[in-house]
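Respectively, the protein sequence lines represent chains A and B. Using numbering that gives the first Met the number 0, you'd call the opening residue of the first sequence number 0 and step up by one each time. Using numbering that gives the first Met the number 0, you'd call the opening residue of the second sequence number 0 and step up by one each time.
Quick caveat, the hints were computed from the structure, so don't treat them as lab data. Keep in mind it's a predicted model, so treat the numbers as computed, not measured. Even glycine gets a Cβ: it sits at the ideal position worked out from N, Cα and C. Accuracy of the hints is not assured; some may be wrong.
[What the hints assert, rightly or not] Simulated restraints, written as ranges between beta carbons of each label pair:
| no. | chain 1 | residue 1 | chain 2 | residue 2 | range |
| --- | --- | --- | --- | --- | --- |
| 1 | A | Val36 | B | Gln226 | 19 to 29 Å |
| 2 | A | Glu47 | B | Glu213 | 45 to 55 Å |
| 3 | A | Val36 | B | Glu103 | 28 to 38 Å |
Single-letter residue listing:
Protein chains: 2
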Amino acid sequence: MNNKLYVVGIGPGAYEDMTIRAVQAVEKAELIVGYGVYAELVRPYFPEKEYFTTPMRGETQRCRYALEQAAAGKSTAVICSGDAGVYGMAGLLYELRGENETPEIEVVSGLTAACSGAAVLGAPLTHDFAVISLSDLLTEWDTIEKRLDRAAEAGLSIVLYNPASKKRRDYLQRACEIILRHAEPERVCGVVRNIGRAGESRQIMTLAELRSYEADMFTTVFIGNPQTKCIGGKMITPRGYRDV
Amino acid sequence: MNNKLYVVGIGPGAYEDMTIRAVQAVEKAELIVGYGVYAELVRPYFPEKEYFTTPMRGETQRCRYALEQAAAGKSTAVICSGDAGVYGMAGLLYELRGENETPEIEVVSGLTAACSGAAVLGAPLTHDFAVISLSDLLTEWDTIEKRLDRAAEAGLSIVLYNPASKKRRDYLQRACEIILRHAEPERVCGVVRNIGRAGESRQIMTLAELRSYEADMFTTVFIGNPQTKCIGGKMITPRGYRDV
Numbered sequence: 000m001n002n003k004l005y006v007v008g009i010g011p012g013a014y015e016d017m018t019i020r021a022v023q024a025v026e027k028a029e030l031i032v033g034y035g036v037y038a039e040l041v042r043p044y045f046p047e048k049e050y051f052t053t054p055m056r057g058e059t060q061r062c063r064y065a066l067e068q069a070a071a072g073k074s075t076a077v078i079c080s081g082d083a084g085v086y087g088m089a090g091l092l093y094e095l096r097g098e099n100e101t102p103e104i105e106v107v108s109g110l111t112a113a114c115s116g117a118a119v120l121g122a123p124l125t126h127d128f129a130v131i132s133l134s135d136l137l138t139e140w141d142t143i144e145k146r147l148d149r150a151a152e153a154g155l156s157i158v159l160y161n162p163a164s165k166k167r168r169d170y171l172q173r174a175c176e177i178i179l180r181h182a183e184p185e186r187v188c189g190v191v192r193n194i195g196r197a198g199e200s201r202q203i204m205t206l207a208e209l210r211s212y213e214a215d216m217f218t219t220v221f222i223g224n225p226q227t228k229c230i231g232g233k234m235i236t237p238r239g240y241r242d243v
Numbered sequence: 000m001n002n003k004l005y006v007v008g009i010g011p012g013a014y015e016d017m018t019i020r021a022v023q024a025v026e027k028a029e030l031i032v033g034y035g036v037y038a039e040l041v042r043p044y045f046p047e048k049e050y051f052t053t054p055m056r057g058e059t060q061r062c063r064y065a066l067e068q069a070a071a072g073k074s075t076a077v078i079c080s081g082d083a084g085v086y087g088m089a090g091l092l093y094e095l096r097g098e099n100e101t102p103e104i105e106v107v108s109g110l111t112a113a114c115s116g117a118a119v120l121g122a123p124l125t126h127d128f129a130v131i132s133l134s135d136l137l138t139e140w141d142t143i144e145k146r147l148d149r150a151a152e153a154g155l156s157i158v159l160y161n162p163a164s165k166k167r168r169d170y171l172q173r174a175c176e177i178i179l180r181h182a183e184p185e186r187v188c189g190v191v192r193n194i195g196r197a198g199e200s201r202q203i204m205t206l207a208e209l210r211s212y213e214a215d216m217f218t219t220v221f222i223g224n225p226q227t228k229c230i231g232g233k234m235i236t237p238r239g240y241r242d243v
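Using the sequences provided together with the hints, build the complete structure.
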């Protein structure tokens, strides 16, 4: 009886962007648990599995179900888009399991949008960076604002997750205004939509232009650091090798 | 004639931690170019290839060679540990190629130590975080210090790359002292050594204990945010689901 619970980062969505370990973990599981949209991404690659899905905001419900099923002896994989640990379900599963030792949890990393999106734009994260979500569902806006301000002040490249949704149309604009306290309007920025999926698109622009860009929930946003350049149509943050 | 240059993140080192796309890219290449230590990690999986390696600080030399070989028609892969874009060679290759259109460069992402190390410790990066290298070979220490200070002030989780080397024995201690300006000595921290390789080890400790921890160049360091907890022996940063 294998009652291990795998928490698997599937990466941006394409089978080829999964790690071999992630594929093996999903193959070992009888039951796949996940957010509906992401479950549909992997279902074609693993059609023989049992699926349990919930809509957005059903995170606690589906994590409880996965823990129960794994504890009862069913090999189970909770799948997350991107990495299992970056805004993923690994933390919530450990919180819900508490001090219990069963089921055993194994976190299997995947490519988070900061890394997979950076590869599409060029190399915007070759130096220090911060990853910040603009969603204020679970975080006070004041906290988000302080993080944006300090990250920009420190000259970190910044990756924004969840830059907008139907109810948060102006959040990216507000974030850009905070960053503009410390960064020049010409700062090189980039956006990627639908990373690694059908309809993938990329665009490089200035911070001033980003301020009026209409992002959606499938967009990942990159703000360069003071050294970031556009070279041959790519967004590049130099590491600083002195003899380039 | 395929003269594409692949820049491939191989992840922490095990074959299973490579993405399928990374394996395919290395398989397509005739020539593998990389830092000696990492080339030796992948050579057992791809023994039939031609290898060109240079020691540390030979980055520019090996990137120039890879560009020349690819431009001359040899299918080439530059391999990087972790992700190709996070302190990897993707940026330098684009810089060296400049405004030329050949060779075509394709960046293939891999698991960076922030993600693969987090999975070993539990789930320390479930909320916003910063990735900062303590190496001052290419970055002024003042810049590093400012980034540590602002990231800690903003309550970001912090991942430290290159926390120490033979010449920089006290850098982790200095970093902890900066972070202690804003964080309590009991802040939950974790270290992982040799992620995904033989001899992998992990340890969870307080920030005060981390201050006197002896890191080496194979160590990745995680400093929690104000909400980070130790649950069942794992380092967990809650996202904030309200009904846990």
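Right, here's what the structure says about each hint:
| no. | hint | verdict |
| --- | --- | --- |
| 1 | A:Val36 with B:Gln226: 19 to 29 Å | 28 Å, holds |
| 2 | A:Glu47 with B:Glu213: 45 to 55 Å | 49 Å, holds |
| 3 | A:Val36 with B:Glu103: 28 to 38 Å | 32 Å, holds |
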